[in-house]
Amino acid sequence: MKSKSIFIAGMLMLLPAVSMAQENIQKAFDALRQSKDIKEVSARHSLDKDPDTGLMEGLEDTFDFMITNPKAKHLVDDIRKAFQQDEPQAYNVSSGTQGSNENYVSLAVGNSSNGGVAIGLMQGSQWIYACFIDPNDSLRQHRYAYALEWVDDGDKIRGRIVKTYATTQKFRQSRYQSRTITVNGNNIKLGSGFSSGDGFTWSGFSSDDKSSETWLTEFNTYKNLFLKNPNSTAANSYATQIYKLCKNAKSLEDAEKNMVATEIAKLKKKTNDEFIQQLFDMSIERLKK
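Residue numbers (the numbering used here): 7 to 295.
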(Lines of atoms letter the chains of each structure in order from A and count residues from 1; the text may use other names and numbers.)
(Lines give C-alpha, C1' and ligand atoms only; values in the text may rest on other atoms or scores of the structure.)
Protein backbone atom coordinates (compact mmCIF):
# COMPACT_ATOMS: atom_id res chain seq x y z
CA MET A 1 0.00 0.00 0.00
CA LYS A 2 1.59 3.26 -1.14
CA SER A 3 0.34 5.50 1.62
CA LYS A 4 -0.78 5.03 5.15
CA SER A 5 -3.24 7.27 6.97
CA ILE A 6 -2.95 8.59 10.47
CA PHE A 7 -6.13 9.84 12.09
CA ILE A 8 -5.68 12.06 15.14
CA ALA A 9 -8.84 13.44 16.70
CA GLY A 10 -8.63 16.92 18.12
CA MET A 11 -5.24 17.75 16.56
CA LEU A 12 -5.97 20.61 14.21
CA MET A 13 -3.98 23.32 12.56
CA LEU A 14 -0.97 22.63 14.74
CA LEU A 15 1.58 21.49 12.18
CA PRO A 16 4.92 23.38 12.33
CA ALA A 17 4.49 26.83 10.87
CA VAL A 18 6.52 27.68 7.80
CA SER A 19 6.82 30.91 5.92
CA MET A 20 4.32 30.48 3.11
CA ALA A 21 2.03 32.65 1.05
CA GLN A 22 -0.94 31.73 3.23
CA GLU A 23 0.72 32.71 6.49
CA ASN A 24 -1.97 35.22 7.51
CA ILE A 25 -4.76 32.69 6.98
CA GLN A 26 -2.92 30.05 9.02
CA LYS A 27 -2.38 32.48 11.90
CA ALA A 28 -6.06 33.49 11.86
CA PHE A 29 -7.11 29.83 11.84
CA ASP A 30 -4.85 29.09 14.81
CA ALA A 31 -6.22 32.09 16.72
CA LEU A 32 -9.81 30.89 16.31
CA ARG A 33 -8.93 27.29 17.11
CA GLN A 34 -7.10 28.23 20.30
CA SER A 35 -9.61 30.79 21.58
CA LYS A 36 -11.35 29.93 24.85
CA ASP A 37 -14.50 31.61 23.53
CA ILE A 38 -14.92 29.02 20.76
CA LYS A 39 -16.99 25.88 21.24
CA GLU A 40 -15.66 22.91 19.30
CA VAL A 41 -18.51 21.04 17.61
CA SER A 42 -16.41 18.46 15.80
CA ALA A 43 -12.91 18.04 14.44
CA ARG A 44 -11.18 15.75 11.99
CA HIS A 45 -7.51 15.37 11.08
CA SER A 46 -5.85 13.03 8.58
CA LEU A 47 -2.32 12.91 7.19
CA ASP A 48 -1.02 10.74 4.36
CA LYS A 49 2.70 10.27 3.69
CA ASP A 50 4.70 8.30 1.18
CA PRO A 51 6.26 5.57 3.37
CA ASP A 52 9.40 5.53 1.22
CA THR A 53 10.18 9.25 1.08
CA GLY A 54 8.27 10.54 4.11
CA LEU A 55 6.85 13.33 1.95
CA MET A 56 3.30 14.46 2.63
CA GLU A 57 0.80 13.40 -0.02
CA GLY A 58 -2.50 14.37 1.57
CA LEU A 59 -3.79 16.37 4.53
CA GLU A 60 -7.15 17.29 5.97
CA ASP A 61 -7.81 19.52 8.99
CA THR A 62 -11.50 20.24 9.48
CA PHE A 63 -12.82 22.12 12.50
CA ASP A 64 -16.53 22.84 13.06
CA PHE A 65 -17.20 25.49 15.68
CA MET A 66 -19.82 27.60 17.43
CA ILE A 67 -19.46 31.19 18.68
CA THR A 68 -21.99 32.43 21.22
CA ASN A 69 -19.92 35.22 22.79
CA PRO A 70 -20.42 38.44 20.76
CA LYS A 71 -16.91 39.56 21.68
CA ALA A 72 -15.46 36.55 19.83
CA LYS A 73 -17.18 37.21 16.51
CA HIS A 74 -14.16 39.22 15.42
CA LEU A 75 -12.29 35.93 14.99
CA VAL A 76 -14.36 35.19 11.88
CA ASP A 77 -13.80 38.73 10.59
CA ASP A 78 -10.07 38.29 11.20
CA ILE A 79 -10.06 35.19 9.01
CA ARG A 80 -11.92 37.02 6.25
CA LYS A 81 -9.34 39.81 6.38
CA ALA A 82 -6.54 37.22 6.29
CA PHE A 83 -7.95 35.83 3.06
CA GLN A 84 -7.83 39.33 1.60
CA GLN A 85 -4.23 39.78 2.73
CA ASP A 86 -3.06 36.47 1.25
CA GLU A 87 -5.18 36.64 -1.91
CA PRO A 88 -2.40 38.12 -4.11
CA GLN A 89 -0.32 34.98 -3.59
CA ALA A 90 -3.19 32.53 -4.27
CA TYR A 91 -3.69 30.99 -7.69
CA ASN A 92 -7.38 30.46 -7.06
CA VAL A 93 -9.85 32.24 -4.78
CA SER A 94 -13.59 31.64 -4.74
CA SER A 95 -16.41 32.81 -2.50
CA GLY A 96 -20.17 32.54 -2.36
CA THR A 97 -23.33 33.01 -0.34
CA GLN A 98 -26.60 31.20 0.31
CA GLY A 99 -25.07 27.79 0.90
CA SER A 100 -27.45 24.86 0.53
CA ASN A 101 -27.63 21.12 -0.02
CA GLU A 102 -28.03 21.79 -3.74
CA ASN A 103 -25.02 24.05 -4.25
CA TYR A 104 -21.64 23.29 -2.75
CA VAL A 105 -18.04 22.53 -3.65
CA SER A 106 -15.64 19.93 -2.33
CA LEU A 107 -11.96 20.52 -1.63
CA ALA A 108 -9.84 17.56 -2.70
CA VAL A 109 -7.52 15.71 -0.33
CA GLY A 110 -4.45 13.89 -1.66
CA ASN A 111 -4.38 12.67 -5.24
CA SER A 112 -7.96 11.56 -5.61
CA SER A 113 -10.91 12.73 -7.68
CA ASN A 114 -13.30 10.83 -5.41
CA GLY A 115 -14.30 13.66 -3.13
CA GLY A 116 -12.93 15.71 -0.29
CA VAL A 117 -14.23 18.21 2.25
CA ALA A 118 -17.57 19.83 1.48
CA ILE A 119 -17.88 23.63 1.62
CA GLY A 120 -21.24 25.36 1.20
CA LEU A 121 -23.60 22.77 2.66
CA MET A 122 -24.82 24.96 5.53
CA GLN A 123 -28.17 26.49 4.67
CA GLY A 124 -27.80 30.23 4.12
CA SER A 125 -24.06 30.28 4.74
CA GLN A 126 -21.27 32.43 3.36
CA TRP A 127 -18.01 30.79 2.32
CA ILE A 128 -14.60 31.44 0.85
CA TYR A 129 -11.66 29.28 -0.11
CA ALA A 130 -8.21 29.92 -1.57
CA CYS A 131 -5.57 27.64 -3.09
CA PHE A 132 -1.80 28.09 -2.92
CA ILE A 133 0.92 26.11 -4.69
CA ASP A 134 3.18 24.23 -2.27
CA PRO A 135 6.42 26.26 -2.31
CA ASN A 136 8.42 23.08 -1.69
CA ASP A 137 7.06 21.36 -4.80
CA SER A 138 9.31 22.27 -7.72
CA LEU A 139 6.93 20.52 -10.13
CA ARG A 140 4.01 22.69 -8.94
CA GLN A 141 1.70 19.68 -8.73
CA HIS A 142 0.60 20.07 -5.09
CA ARG A 143 -1.34 22.79 -3.36
CA TYR A 144 -2.70 23.87 0.02
CA ALA A 145 -6.35 24.91 0.19
CA TYR A 146 -7.92 26.93 3.01
CA ALA A 147 -11.64 27.48 3.48
CA LEU A 148 -14.03 29.26 5.82
CA GLU A 149 -17.78 28.76 5.94
CA TRP A 150 -20.09 30.42 8.45
CA VAL A 151 -23.69 31.28 9.26
CA ASP A 152 -24.36 34.30 11.47
CA ASP A 153 -27.71 33.84 13.21
CA GLY A 154 -27.39 37.10 15.16
CA ASP A 155 -26.86 35.65 18.61
CA LYS A 156 -24.41 32.97 17.43
CA ILE A 157 -22.15 31.97 14.57
CA ARG A 158 -21.89 28.41 13.28
CA GLY A 159 -18.90 27.75 11.11
CA ARG A 160 -16.20 25.53 9.68
CA ILE A 161 -12.53 26.11 8.86
CA VAL A 162 -10.70 23.69 6.59
CA LYS A 163 -7.15 23.11 5.47
CA THR A 164 -6.32 20.45 2.88
CA TYR A 165 -3.27 19.36 0.92
CA ALA A 166 -3.69 17.72 -2.47
CA THR A 167 -2.52 17.63 -6.04
CA THR A 168 -3.89 20.49 -8.11
CA GLN A 169 -7.09 20.09 -10.05
CA LYS A 170 -5.12 20.48 -13.30
CA PHE A 171 -2.85 17.58 -12.33
CA ARG A 172 -5.77 15.37 -11.28
CA GLN A 173 -7.67 16.05 -14.49
CA SER A 174 -4.64 15.16 -16.57
CA ARG A 175 -4.50 11.77 -14.84
CA TYR A 176 -8.23 11.10 -14.91
CA GLN A 177 -9.46 8.26 -17.08
CA SER A 178 -13.06 7.33 -17.72
CA ARG A 179 -14.20 4.19 -15.94
CA THR A 180 -17.11 1.84 -16.59
CA ILE A 181 -18.80 -0.83 -14.58
CA THR A 182 -21.08 -3.54 -15.89
CA VAL A 183 -24.60 -4.00 -14.54
CA ASN A 184 -26.71 -6.79 -16.01
CA GLY A 185 -24.47 -6.84 -19.07
CA ASN A 186 -24.72 -3.08 -19.65
CA ASN A 187 -21.70 -0.81 -19.45
CA ILE A 188 -22.37 2.27 -17.33
CA LYS A 189 -19.95 5.18 -17.47
CA LEU A 190 -18.77 6.88 -14.31
CA GLY A 191 -18.23 10.60 -14.71
CA SER A 192 -16.46 13.32 -12.77
CA GLY A 193 -17.90 16.79 -12.51
CA PHE A 194 -15.90 19.89 -11.64
CA SER A 195 -16.96 23.32 -10.52
CA SER A 196 -14.84 26.44 -10.73
CA GLY A 197 -11.56 26.55 -8.89
CA ASP A 198 -10.02 23.62 -7.07
CA GLY A 199 -13.29 22.45 -5.60
CA PHE A 200 -15.60 20.15 -7.53
CA THR A 201 -19.14 18.90 -7.48
CA TRP A 202 -20.31 15.34 -7.96
CA SER A 203 -21.83 13.87 -11.09
CA GLY A 204 -21.68 10.14 -10.32
CA PHE A 205 -23.20 7.93 -13.01
CA SER A 206 -23.77 9.63 -16.33
CA SER A 207 -27.49 8.91 -16.46
CA ASP A 208 -29.90 10.80 -14.20
CA ASP A 209 -32.75 8.39 -14.98
CA LYS A 210 -31.43 5.20 -13.41
CA SER A 211 -33.43 2.00 -13.29
CA SER A 212 -34.09 0.67 -9.81
CA GLU A 213 -31.57 -2.12 -10.44
CA THR A 214 -28.86 0.37 -11.42
CA TRP A 215 -29.74 2.66 -8.51
CA LEU A 216 -29.54 -0.16 -5.95
CA THR A 217 -26.30 -1.47 -7.42
CA GLU A 218 -24.70 1.96 -7.16
CA PHE A 219 -25.97 2.43 -3.61
CA ASN A 220 -24.61 -0.95 -2.55
CA THR A 221 -21.22 -0.08 -4.03
CA TYR A 222 -20.93 3.15 -2.03
CA LYS A 223 -22.31 1.46 1.07
CA ASN A 224 -19.64 -1.23 0.98
CA LEU A 225 -16.89 1.32 0.30
CA PHE A 226 -18.06 3.37 3.27
CA LEU A 227 -18.11 0.35 5.58
CA LYS A 228 -14.47 -0.46 4.78
CA ASN A 229 -13.43 2.52 6.92
CA PRO A 230 -16.33 4.68 8.22
CA ASN A 231 -13.94 7.16 9.84
CA SER A 232 -11.63 7.75 6.90
CA THR A 233 -11.44 10.89 4.76
CA ALA A 234 -12.97 8.94 1.88
CA ALA A 235 -16.02 8.08 4.02
CA ASN A 236 -17.22 11.67 3.63
CA SER A 237 -17.10 11.23 -0.14
CA TYR A 238 -19.10 8.00 -0.12
CA ALA A 239 -21.69 9.50 2.22
CA THR A 240 -22.04 12.46 -0.14
CA GLN A 241 -22.57 10.14 -3.08
CA ILE A 242 -25.25 8.24 -1.16
CA TYR A 243 -26.98 11.53 -0.36
CA LYS A 244 -26.94 12.51 -4.02
CA LEU A 245 -28.47 9.17 -4.96
CA CYS A 246 -31.26 9.66 -2.46
CA LYS A 247 -32.13 13.05 -3.96
CA ASN A 248 -33.20 11.24 -7.12
CA ALA A 249 -34.75 7.94 -6.07
CA LYS A 250 -37.93 8.17 -8.15
CA SER A 251 -37.22 4.82 -9.82
CA LEU A 252 -37.47 2.98 -6.49
CA GLU A 253 -40.66 1.44 -5.18
CA ASP A 254 -41.76 2.20 -1.61
CA ALA A 255 -40.52 -1.15 -0.34
CA GLU A 256 -37.11 -0.52 -1.91
CA LYS A 257 -36.94 2.96 -0.38
CA ASN A 258 -37.74 1.53 3.04
CA MET A 259 -35.03 -1.08 2.62
CA VAL A 260 -32.45 1.56 1.65
CA ALA A 261 -33.49 3.82 4.53
CA THR A 262 -32.92 0.92 6.93
CA GLU A 263 -29.44 0.36 5.51
CA ILE A 264 -28.57 4.06 5.77
CA ALA A 265 -29.67 4.08 9.42
CA LYS A 266 -27.19 1.25 10.01
CA LEU A 267 -24.44 3.25 8.27
CA LYS A 268 -25.14 6.23 10.52
CA LYS A 269 -24.36 4.12 13.59
CA LYS A 270 -20.94 3.24 12.17
CA THR A 271 -19.55 6.78 12.33
CA ASN A 272 -19.10 9.46 15.00
CA ASP A 273 -18.71 12.22 12.41
CA GLU A 274 -21.63 14.63 12.92
CA PHE A 275 -21.45 15.96 9.37
CA ILE A 276 -21.75 12.46 7.88
CA GLN A 277 -24.54 11.62 10.31
CA GLN A 278 -26.44 14.68 9.11
CA LEU A 279 -25.92 13.62 5.49
CA PHE A 280 -27.43 10.24 6.29
CA ASP A 281 -30.38 11.87 8.08
CA MET A 282 -31.01 14.07 5.03
CA SER A 283 -30.70 11.02 2.77
CA ILE A 284 -33.45 9.23 4.69
CA GLU A 285 -35.64 12.35 4.55
CA ARG A 286 -35.17 12.53 0.77
CA LEU A 287 -36.32 8.94 0.42
CA LYS A 288 -39.58 9.83 2.15
CA LYS A 289 -40.49 12.46 -0.46
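Hints were generated in silico from the structure; no laboratory data involved.
Please note that the accuracy of each hint is not assured.
[As the list claims (entries may be wrong)] Computed list of lysine to aspartate or glutamate pairs in DMTMM-like fashion (alpha-carbon distance at most 20 Å, straight line):
#  : residue 1 : residue 2
1  : Lys-45    : Glu-29
2  : Lys-176   : Glu-219
3  : Lys-33    : Asp-83
4  : Lys-256   : Glu-291
5  : Lys-162   : Asp-84
6  : Lys-253   : Glu-269
7  : Lys-253   : Asp-287
8  : Lys-256   : Glu-280
9  : Lys-274   : Glu-262
10 : Lys-263   : Glu-219
11 : Lys-79    : Asp-161
12 : Lys-77    : Asp-58
13 : Lys-256   : Asp-161
14 : Lys-229   : Glu-269
15 : Lys-229   : Glu-262
16 : Lys-263   : Glu-280
17 : Lys-162   : Asp-143
No experiment lies behind these values; they were computed from the predicted model shown.
**Hints breached by this structure** = Result: hints 1, 2, 8, 12, 13, 16, 17 break, sorted rising.
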